[in-house]
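Model the full structure from these sequences, guided by the hints.
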Amino acid sequence: MGLTKQYLRYVASAVFGLIGSQKGNIVFVTLRGEKGRYVAVPACEHVFIWDLRKGEKILILQGLKQEVTCLCPSPDGLHLAVGYEDGSIRIFSLLSGEGNVTFNGHKAAITSLKYDQLGGRLASGSKDTDIIVWDVINESGLYRLKGHKDAITQALFLREKNLLVSSGKDSVVKWWDLDTQHCFKTMVGHRTEVWGLVLVSEEKRLITGASDSELRAWDIAYLQEIQDLEEPEPKKIKGSSPEVQDTREAEDGALEVDEAPEDRILTCRKAGSILREGRDRVVNLSTDKTGRMLACHGTDSVLEVFCILSREEIQKKMDKKMKKARKKARLNSGKGEEEDLEVTVEMTLQDEIQRVTNIKTSAKIKSFDLILSPQGELKAVFLLQNNLVELYSLSPSAPAPQPVRTSRVTLGGHRSDVRTLSFSSDNIAVLSAAADSIKIWNRSTLQCIRTMTCEYALCSFFVPGDRQVVIGTKTGRLQLFDLASGTLLETVDAHDGALWSMSLSPDQRGFVTGGADKSVKFWDFELVKDENSTQKRLSVKQTRTLQLDEDVLSVRYSPHQNLLAVSLLDCTVKIFYVDTLKFFLSLYGHKLPVICMDISYDGALIATGSADRNVKIWGLDFGDCHKSLFAHDDSVMYLQFVPKSHLFFTAGKDRKIKQWDADNFEHIQTLEGHHQEIWCLAVSPNGDYVVSSSHDKSLRLWERTREPLILEEEREMQREAEYEESVAKEDQPAVSSRETQGENYFTGKKTIETVKAAERIMEAVELYREESAKMKEHKAICKAAGKEVPLPTNPILMAYGNISPSAYVLEIFKGIKSSELEESLLVLPFSYVPDILKLFNEFIQLGSDVELLCRCLFFLLRIHFGQITSNQMLVPVIEKLKETTISKVSQVRDVIGFNLAGLNYLKRECEAKSEVMFFADATSHLEEKKRKRKKREKLILTLT
1 MGLTKQYLRY
11 VASAVFGLIG
21 SQKGNIVFVT
31 LRGEKGRYVA
41 VPACEHVFIW
51 DLRKGEKILI
61 LQGLKQEVTC
71 LCPSPDGLHL
81 AVGYEDGSIR
91 IFSLLSGEGN
101 VTFNGHKAAI
111 TSLKYDQLGG
121 RLASGSKDTD
131 IIVWDVINES
141 GLYRLKGHKD
151 AITQALFLRE
161 KNLLVSSGKD
171 SVVKWWDLDT
181 QHCFKTMVGH
191 RTEVWGLVLV
201 SEEKRLITGA
211 SDSELRAWDI
221 AYLQEIQDLE
231 EPEPKKIKGS
241 SPEVQDTREA
251 EDGALEVDEA
261 PEDRILTCRK
271 AGSILREGRD
281 RVVNLSTDKT
291 GRMLACHGTD
301 SVLEVFCILS
311 REEIQKKMDK
321 KMKKARKKAR
331 LNSGKGEEED
341 LEVTVEMTLQ
351 DEIQRVTNIK
361 TSAKIKSFDL
371 ILSPQGELKA
381 VFLLQNNLVE
391 LYSLSPSAPA
401 PQPVRTSRVT
411 LGGHRSDVRT
421 LSFSSDNIAV
431 LSAAADSIKI
441 WNRSTLQCIR
451 TMTCEYALCS
461 FFVPGDRQVV
471 IGTKTGRLQL
481 FDLASGTLLE
491 TVDAHDGALW
501 SMSLSPDQRG
511 FVTGGADKSV
521 KFWDFELVKD
531 ENSTQKRLSV
541 KQTRTLQLDE
551 DVLSVRYSPH
561 QNLLAVSLLD
571 CTVKIFYVDT
581 LKFFLSLYGH
591 KLPVICMDIS
601 YDGALIATGS
611 ADRNVKIWGL
621 DFGDCHKSLF
631 AHDDSVMYLQ
641 FVPKSHLFFT
651 AGKDRKIKQW
661 DADNFEHIQT
671 LEGHHQEIWC
681 LAVSPNGDYV
691 VSSSHDKSLR
701 LWERTREPLI
711 LEEEREMQRE
721 AEYEESVAKE
731 DQPAVSSRET
741 QGENYFTGKK
751 TIETVKAAER
761 IMEAVELYRE
771 ESAKMKEHKA
781 ICKAAGKEVP
791 LPTNPILMAY
801 GNISPSAYVL
811 EIFKGIKSSE
821 LEESLLVLPF
831 SYVPDILKLF
841 NEFIQLGSDV
851 ELLCRCLFFL
861 LRIHFGQITS
871 NQMLVPVIEK
881 LKETTISKVS
891 QVRDVIGFNL
901 AGLNYLKREC
911 EAKSEVMFFA
921 DATSHLEEKK
931 RKRKKREKLI
941 LTLT
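All residue numbers for the sequence shown refer to my numbering, where the first residue is 1 and numbers rise by one.
Worth flagging that the hints you see were computed from the coordinates, not collected in a lab.
Wrong hints could be hidden among the right ones.
In silico DSS-like cross-links for lysine-lysine, where the CA-CA straight-line distance does not exceed 30 Å [claimed, not checked]:
1. 65 to 653
2. 750 to 814
3. 289 to 114
4. 627 to 644
5. 536 to 474
6. 65 to 749
Okay, structure coming up:
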């Protein structure tokens, strides 16, 4: 067999032109000890950390493929939890930027992530209606909470009690007792989806936001506290009308008939509601970390800020009200009614939650985050719909707080989708143009070096010499810009409709344009005298016009400049002679209009891409169709040949870029990365780079490597990837205990990693069995020979440093990720379990890795309980395990207890030392004061 044709692989090099993507939320992060300066923003599959002061990107947390949907920083500020579209969660270290921990448990996108107060547990809510609580330190799942009927919108831990409160699109708020992992209370006071909830006033009040203009407030009373205080409950509610109370009580009664009184941990009653100014649904509702400032926004560009007053402030307010009321009473009727008046001054919800101000941003808000500095300044950062981050600050304590915009991140991207891309002739500069601006990027550093305002751009190219650029706009104008000064040199009205396409002539002296006014126009570059200066400047002049019967969608010169291809709205491509403008060929065959086309470097082939999802390759000599390829699952938006070759790239609305060979009609490779439809791409003049733009606001750079790409291998890899995906999507193995009481014990889900881990365990156990059998044989041989015969060692064991087969099994167990351990054991066939149990007994007796082994052992006992107990062979093994496990676990507990006691002792010592220091400081301070006073007294005496 001859050598197959070699292609070179293109790989993803960078994502740029994106400030923040819409699906996730923006959060403040602490870096280098600074708070309120850095923000983390989702950027497609990555997370960008921006420095708001400098407007620079300082760190990228690299994702894999899935889009980021949720961010949550840990309470210590060292880590960031990131939730993805496929339901996975990764925890990144903000110091190194690496994601070491991955949790797989949800089947759909993550919608909510929240840490508990210490940062040891993480609650994740998802579109799959489940909440999973993860142990961050042990890197494993604790339990799954099922009960909501629609996507989770928020889940919060309570600080003081081991409870969790969650809201969902199913219009209910649920309270969960985490000790027993069950829902003990469901609040049904909402008619629509609950989009957000927060706990305020030392967790004595819950505020929920739904699809109307009310924020509902609920008073929470913990039953233990009520019993301690021995006070009647209705007193808790102040300012709510009696009718509301009665209906609430009636609803509560209806709710809690089935709950025994001793099961109820808390009561929750409606305290009233605050009216928002926005009429639409609450999109985000949250407080700052201190719980003093509350803010929410709808689908518009206004953030409403409220302040939650402390008890002292409320008391002051009430005293003032009382004074006013008394004064009024005195004026009205003397002093007779003072006693009665005290009763009439009621505290309303508006007294406790005070409106501060509204912050109006420059575009629709997608998400926000708040931070309240110790000085009392509130900073609010916004991720806006138009690829923009803005920071506002205000001082809530001021009499009329005015929000001030302190910084914005704008330079790194366009406000709208990029519609056209071009490379400069030296492969260094990239031009991108959108509805309002042109940006020039340095390809190697990905920095934006020029931004110029323009009209809605549809097509573009660099003028030969790379000093000017020409833009074709939606209004049919040509705009000529100078790059050195960043100024608009000239605007020419070229067409009456949109100017869809331009093609630079191969002799580089002019270009051709095609527009929606059914005409093709030819232009030449010329130097004209500038009125303002002595130097000449570049301009364009029209030379000829070709009038057609249909709108022109695309135009292309052939490389020898003898032919011109014009794509029309009637689904045909017409080819004309350039010199005489006579008709030469018509390429007919597409079912929908040809949106894009390109001619190869030698003028032999023309490839056309259409809205009918096909790409057709035609010969330019006779206009015959060589091949029709079904290229994409949606419209083909852009097509371009790689210079000096018959390979070409196509971009489609199906979010994929594909490379094809026009000679063999082979599909070479697919470049996946964009999360929305792709509008355009550009191939660099040397063919080493491809840049593409998409509706997800990102620009992506793809780079040609020196790695050869062999088609058979590529197909094989594709098949493997499909198989791995199907393995992960298979239904979970049926386990007898799973449906019954153990429902919320299983937090993981089957992924290709867990299957591979289970296979590694199986291989290790098989190797152990083989080696044990060999050892027996070897002993028998030695006995028969009467002397020691050398034993051949297994190469795998040698690689691990000549360890024993049983130690190798332990190494494999230690190598499995903590978050994947249970799911790997769940996939493991029972035939391997007896051997594993015997090995566990050996290991635990030696006292090695007791915690890990106990975790595996208890899990295996849970899932294979029936089979293990009915197997007579395993009874002695289990008996031995029982003895060794209890003794070894108590030993480990003793060690931990001793260490804890030691640490507590050291803590007390340190505290005592610091107190001694503190007192020493205080006494020296006092003596200093006394000395100063004596000096002053002496001075006064001498003066008198």
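Starting from residue 65, check that the Cα of residue 653 is at most 30 Å away, please.
holds, 18 Å
With a cut-off of 30 Å on the C-alpha distance, tell me whether residue 536 and residue 474 pass.
holds, 29 Å
Within a Cα-Cα threshold of 30 Å, do residue 65 and residue 749 meet the stated pairing?
holds, 19 Å
Given the hint that residue 750 pairs with residue 814, test it: the Cα-Cα distance must not exceed 30 Å.
Within the cut-off at roughly 20 Å; holds.
Residue 627 and residue 644: Cα distance at most 30 Å?
Between residue 627 and residue 644 the Cα gap is close to 21 Å, so the pair holds against 30 Å.
Restraint check for residue 289 with residue 114, where alpha carbons must lie at most 30 Å apart:
Roughly 12 Å between the alpha carbons, so the hint for residue 289 and residue 114 holds.
Checked against the numbered hints above, the structure breaks none of them.
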